[in-house]
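2 protein chains.
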Amino acid sequence: MSYYTEEVHGPHDYLDLGSFELTSGFILPEATLAYKTIGTLNDARDNAILLPHMYTGTSAFMTAYVGPGRPLDPERYFFILPAQFGDGFSSSPSNTPPPFDRGAFPPVAISDDVRAQHQLVTGHFGIEQLAMVSGWSMGGQQTLEWAVRYPDALKRAVPFAATAKNPDHTSVFCDLHMDALRSDPAFNNGFYERSTDVHVGLRRHAQAFALMGPTSAMYRGEVWRELGFASRDGFVQGFLQAYFLPMDPNNLLTQAAKWRAADVSLNAGGDMVQALGRITAAATVVAFTGDLFFPPEDISADAERIPGAKFVETGSVWGHFTMFNLREQDTAAIDQIYAEALAG
Amino acid sequence: MSYYTEEVHGPHDYLDLGSFELTSGFILPEATLAYKTIGTLNDARDNAILLPHMYTGTSAFMTAYVGPGRPLDPERYFFILPAQFGDGFSSSPSNTPPPFDRGAFPPVAISDDVRAQHQLVTGHFGIEQLAMVSGWSMGGQQTLEWAVRYPDALKRAVPFAATAKNPDHTSVFCDLHMDALRSDPAFNNGFYERSTDVHVGLRRHAQAFALMGPTSAMYRGEVWRELGFASRDGFVQGFLQAYFLPMDPNNLLTQAAKWRAADVSLNAGGDMVQALGRITAAATVVAFTGDLFFPPEDISADAERIPGAKFVETGSVWGHFTMFNLREQDTAAIDQIYAEALAG
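Residue numbers (my numbering), protein chains in the order written: chain A, 1 to 344; chain R, 345 to 688.
Misleading hints may appear alongside valid ones.
Derived CB-CB ranges, DEER-like [stated by the list, open to error]: (1) Ser2(A) with Glu570(R): 48 to 54 Å; (2) Glu657(R) with Glu75(A): 39 to 45 Å; (3) Ser231(A) with Gly447(R): 24 to 30 Å; (4) Glu537(R) with Ala104(A): 31 to 37 Å; (5) Gly344(A) with Ser575(R): 37 to 43 Å; (6) Phe370(R) with Pro97(A): 46 to 52 Å; (7) Asp271(A) with Asp679(R): 42 to 48 Å; (8) Glu684(R) with Thr23(A): 23 to 29 Å; (9) Ala104(A) with Glu570(R): 39 to 45 Å; (10) Ser231(A) with Glu657(R): 26 to 32 Å; (11) Arg622(R) with Glu7(A): 58 to 64 Å; (12) Ser575(R) with Val273(A): 19 to 25 Å; (13) Glu304(A) with Glu684(R): 35 to 41 Å; (14) Ser231(A) with Asp615(R): 17 to 23 Å.
Hints were generated in silico from the structure; no laboratory data involved. Quick reminder that beta carbons are idealized off the backbone N, C-alpha and C, glycines included.
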């Protein structure tokens, strides 16, 4: 079964964006924004929460944090889960016809995702102000872009494990894992026939995430045993390779380029103090201890520049992967952060 | 000029090891141990210090810590700087004739280096006890192997940034950077014609070290400016790529496989407590703050198992690269550690 299907990721809705002008200057014809919703928008249209997703995810990912009786309660809130460009459901290399297909898909930016989502929220749903925007990693990058670009359009911003500008060290990592995909001779400049032809590149890319996603302490403690594996290499193959192998390399590259270039200061001519100073949403800025992508030091430095922001550090030996729903206690800690943010 | 020459790395001496039986069971015919010496062995033969080198290094590396008036003073001590197998001077893929040439060089272990060095120290120089063994990274792995395997043969052991067993997380890294070399189609199972044919693999390998060698804080602070670079990418290319490009991929793989498999507990049937408990040398075990290869937590856990060991944490934003002589104050801190270890 193809990975980018509703059989795998559940039903989506689709907003036709028409000819969508990207930040890069390219115009994407018949651009599409895929999304899911859970719950019901109330008459006041003030109970909507937007939950953008992380690198490699789809709209399905954040549904794991939504449930009756939990802080993200669909009986109380209306959840919009947008698919980012390049995720295989919104416009992506894998689903766009020539000349913008596959290796020729135009460069996309986080700001493009956020502008498309803003169109969905305001134009399609007629919502003036979201009760919250929140996401993990690239979902957090989108959250911060929302808070800077449309300060009045959200009441709360809760980015997890994301910074206002991609850390330089993390750009070195992006260069490495993007090159891993391209290193496979079958990649052929992005014009492979089947994504599975590029499985060596996908495995190499998985190895980079095995290195940087969890912490050294996770390996030291052999915490992969909690996931049912019997060896470190079994974990790398059975968890990381298994996760990435069904994905499309061009889709991953489109997302990774956005991640690498993320920088909300572009909204203020490169002035980060001014950009973050524009935020009026009540911000809870969350870092994961030992996160090798978005270190707590970088996130707390952002928090100091966001008016009234609350900085929270949490997490486990899973480091950046703390939000991957690998451990009940990690998920419970995140639920608690949502409960407190929404109570405020 | 070829990289593995005395023009580049200075003069060496060579010990003929004859047919040398490796831990892997292979017998390497006409095996050679290259080394340098500095200073004069005294009549009592008790002023000798052995300084094995790190991954990618040669005997030339540790000369940077030897100098008149410094703790490693050639007017007082006799320094032996052994070349590890695979460094291009001792027996290596790049200098061994068929059938053990290039991609067919047999697997070598840290214990093989240490056994060959022991032959040099005791057989060739007639030294019963070294005043100290010390090295950085793989040099530290060799130091620990010495201390466990030949407890009576050294008075002091000072490993920097090394653990008794390679951390699992670091093995994930070794898998990644070894694969980076092999990923180049020109690698051809190790039977390329010229090492420069594999420059894409060598550049990919350099990227892995750009990621893991320094810390995120080094990039955050743009500390690469201290080395004269004007951009992050300029540092990666001008420092890391420039460093690795002249090297031979098979030589690097031979060294990396030793690094990955390093485990002194093999001297005690896998019992690490027993193995480290054998150490009688006065041990100063040094960790570098933020080291992504050998985290201080792992090193201090080793130190607790070494009778009477002193654990020291030092270092800068350069993380594992703290010992690379990139900053005067880092080198001064290491000199101070040597001064204290030798005073004891």
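Results of checking the hints against the structure:
1. Checking the proposed 48 to 54 Å range against Ser2(A) and Glu570(R) shows it holds: the Cβ atoms sit about 51 Å from each other.
2. Restraint check, Glu657(R) to Glu75(A): a C-beta distance of roughly 52 Å breaks the suggested window 39 to 45 Å.
3. Distance hint check for Ser231(A) and Gly447(R): the Cβ-Cβ separation is about 27 Å, which falls inside the suggested range of 24 to 30 Å.
4. Checking the proposed 31 to 37 Å range against Glu537(R) and Ala104(A) shows it holds: the Cβ atoms sit about 35 Å from each other.
5. Checked against the given bound of 37 to 43 Å, the beta carbons of Gly344(A) and Ser575(R), roughly 41 Å apart, stay inside it.
6. A C-beta distance of roughly 57 Å is found between Phe370(R) and Pro97(A), which places it outside the suggested range of 46 to 52 Å.
7. Remark: the range hint 42 to 48 Å for Asp271(A) to Asp679(R) is upheld by a beta-carbon distance near 43 Å.
8. At about 57 Å, the CB distance of Glu684(R) to Thr23(A) disagrees with the hint of 23 to 29 Å.
9. Remark: the range hint 39 to 45 Å for Ala104(A) to Glu570(R) is upheld by a beta-carbon distance near 41 Å.
10. Checked against the given bound of 26 to 32 Å, the beta carbons of Ser231(A) and Glu657(R), roughly 31 Å apart, stay inside it.
11. Distance hint check: the CB atoms of Arg622(R) and Glu7(A) are about 59 Å apart, consistent with the given range 58 to 64 Å.
12. For Ser575(R) paired with Val273(A), a C-beta distance near 22 Å keeps the hint of 19 to 25 Å intact.
13. In this structure the hint that Glu304(A) and Glu684(R) lie 35 to 41 Å apart at CB holds, the actual value being about 39 Å.
14. Ser231(A) and Asp615(R) have their C-beta atoms about 20 Å apart, which keeps the hinted 17 to 23 Å range intact.
This entry does not satisfy hints 2, 6, 8, going by the numbered hints stated previously.
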